[in-house]
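J.: The chain contents come next:
Protein chains: 2
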Amino acid sequence: MKHIHIIGLGLIGGSFALAIRKAFPEVHISGFDKNDQHLEEAQYLGLIDEVSEKPSADTDIVLLATPVDVLPELSKKLLDEVNAETLIIDLGSTKATLCKHLSDHPKRGQFLAGHPIAGTEYSGPRAAKEDLLNRKVFIICEMEKTDVHLKGKAYELFEALNLKLRFMDPEEHDLHLAFVSHLSHISSFMLGKTVMDKMEDERHIFDMAGSGFASTVRLAKSSPEMWTPILKENKTHVLEALGCYIEKLKNLENSIKRDDFESVYRQLKEVGPIREIMDMD
Amino acid sequence: MKHIHIIGLGLIGGSFALAIRKAFPEVHISGFDKNDQHLEEAQYLGLIDEVSEKPSADTDIVLLATPVDVLPELSKKLLDEVNAETLIIDLGSTKATLCKHLSDHPKRGQFLAGHPIAGTEYSGPRAAKEDLLNRKVFIICEMEKTDVHLKGKAYELFEALNLKLRFMDPEEHDLHLAFVSHLSHISSFMLGKTVMDKMEDERHIFDMAGSGFASTVRLAKSSPEMWTPILKENKTHVLEALGCYIEKLKNLENSIKRDDFESVYRQLKEVGPIREIMDMD
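Each protein sequence line maps, in turn, to chains S and L. With full-length UniProt numbering applied, the first sequence covers 1 to 281. With full-length UniProt numbering applied, the second sequence covers 1 to 281.
Chain S with its partners taken away, still in its complex shape (with noise of 0.2 Å):
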């Protein structure tokens, strides 16, 4: 591995690059963020070696990491134009869409579809963590399609990064992340707002919150940038789960105006199970 060019340098093209850099010292790395002061950032934090809108010919992998809404064109327009030896990854957050659109181009096995599960609310270079990804699980998606060569490059770069990888497809991934991700960003978005329209003007309001008011709104500190594109390419399982969710929220009103409060305590009881399935890993 002597080259890799990342697209998009913001929390998760960031962190990779740190953990890169810290696990191959001797890659060049490039890379490319159409905002300018993420791009300004970026060569400042040391992110990038080289400010490069394409991947040269020598480069081993371009990553890509830029909002899901860019993906299926840009990595298109790269598969088109790239060596032979070069690896394609993307690591946006939805992939059924994303596959579909490649699915037929006849450098198809030079991609490979990714997904790290691994975050934070906060965005951009800055927001980059060397420790990021570090024991963070990995989804792959149709792995087969991805060339049987280049798919060495792409392990020796996950076992350095510590990564967990996973395998799964497309569907059932967008399906599952809607449900584990999507709707846990929605679901603190809109409590944030609930509580900020309501308590407008009255700052001191969040004096009161405890840990606990933080800890389920922190999600709604994410980039809007990101997570629009997210919600619109995984329209359907994103409607399904938000369905689910507004109707579980709806039983327990119905419930509490009924004053069936032994129902309320039997739907909350019923969450009891989380805790050891939350305290598994």
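Simulated from the structure, these hints should not be mistaken for lab results. There may be inaccurate statements among the hints.
Since the list can't tell identical chains apart, any single copy or any two copies may satisfy a pair.
Okay, derived cross-link-like pairs now, BS3-like style, lysine-lysine, Cα gap no bigger than 27 Å in a straight line [said to hold, decoys possible]:
1) 269 to 198
2) 235 to 269
3) 198 to 34
4) 151 to 100
5) 129 to 107
6) 198 to 76
7) 2 to 76
8) 235 to 22
9) 221 to 107
10) 22 to 164
11) 232 to 269
12) 34 to 235
13) 22 to 198
14) 257 to 235
15) 269 to 34
Fit chain L to the known structure of chain S by using the hints.
T.: Chain L only, in chain S's frame:
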């Protein structure tokens, strides 16, 4: 201060016991919990020096850390019985019903309505932590109704425990807490329920859940025994907060359904100021 009596030896009562022990090593702590196992654990863990269902005549302060539905009757009964120099402080998450219930009590001056904004998703004596209350906000309602000479005792305790005092009327307290605490718990419980119902028999799904999901669903581990009474006591305000929340979720759902992602973006973006507000601390 010589003797403090604590009724309810779970997360909050137990944490007060530990903090008091540290701040006032010479104070005798007696206590009670109607859950036999919790009472035994509280002794074993050294939270209390003595088991006693009722405070003895020399008790300076009685702390009530039971579920909120028990508090009105329990407080009244204790007020009827205690000596003139004993102050009763409740630590419940709802205040209006309780304060109303005690408003005409001839010994109302010996009562102080308080609420520490502190907690974790765990419960019972084993969840108690010596530093849980350190530097946390402690809300006091109707402070003017507590006798001046007993307030001295209360201030001595609060100061030693490093609590930051805030004053508020009971209705205001309950309304605000519905939005910044009770709604967060509902959101978390129902989010956990949504994912568990959908992902039945697919435990590996939680493998794919990142720190974001863990954060939003953390409060779903809270005790239904504590939380059902809170939702009941604060029914009106909880329904208001929950109604607002469901409305925001439905607005977002509609925008997604209509493919109006400019509106989705705007709705997410509007939550932006919460970043500064939540980082204020």
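J.: Evaluate each hint against the coordinates.
T.: Here's how the hints hold up against the structure:
no.: 1; hint: 269 to 198; result: between (29 Å within a copy, 17 Å between copies)
no.: 2; hint: 235 to 269; result: between (31 Å within a copy, 19 Å between copies)
no.: 3; hint: 198 to 34; result: neither (37 Å within a copy, 39 Å between copies)
no.: 4; hint: 151 to 100; result: within (20 Å within a copy, 69 Å between copies)
no.: 5; hint: 129 to 107; result: neither (33 Å within a copy, 58 Å between copies)
no.: 6; hint: 198 to 76; result: neither (46 Å within a copy, 34 Å between copies)
no.: 7; hint: 2 to 76; result: within (24 Å within a copy, 76 Å between copies)
no.: 8; hint: 235 to 22; result: neither (37 Å within a copy, 54 Å between copies)
no.: 9; hint: 221 to 107; result: neither (38 Å within a copy, 48 Å between copies)
no.: 10; hint: 22 to 164; result: within (18 Å within a copy, 44 Å between copies)
no.: 11; hint: 232 to 269; result: between (34 Å within a copy, 15 Å between copies)
no.: 12; hint: 34 to 235; result: within (26 Å within a copy, 50 Å between copies)
no.: 13; hint: 22 to 198; result: neither (47 Å within a copy, 40 Å between copies)
no.: 14; hint: 257 to 235; result: between (32 Å within a copy, 8 Å between copies)
no.: 15; hint: 269 to 34; result: between (48 Å within a copy, 20 Å between copies)
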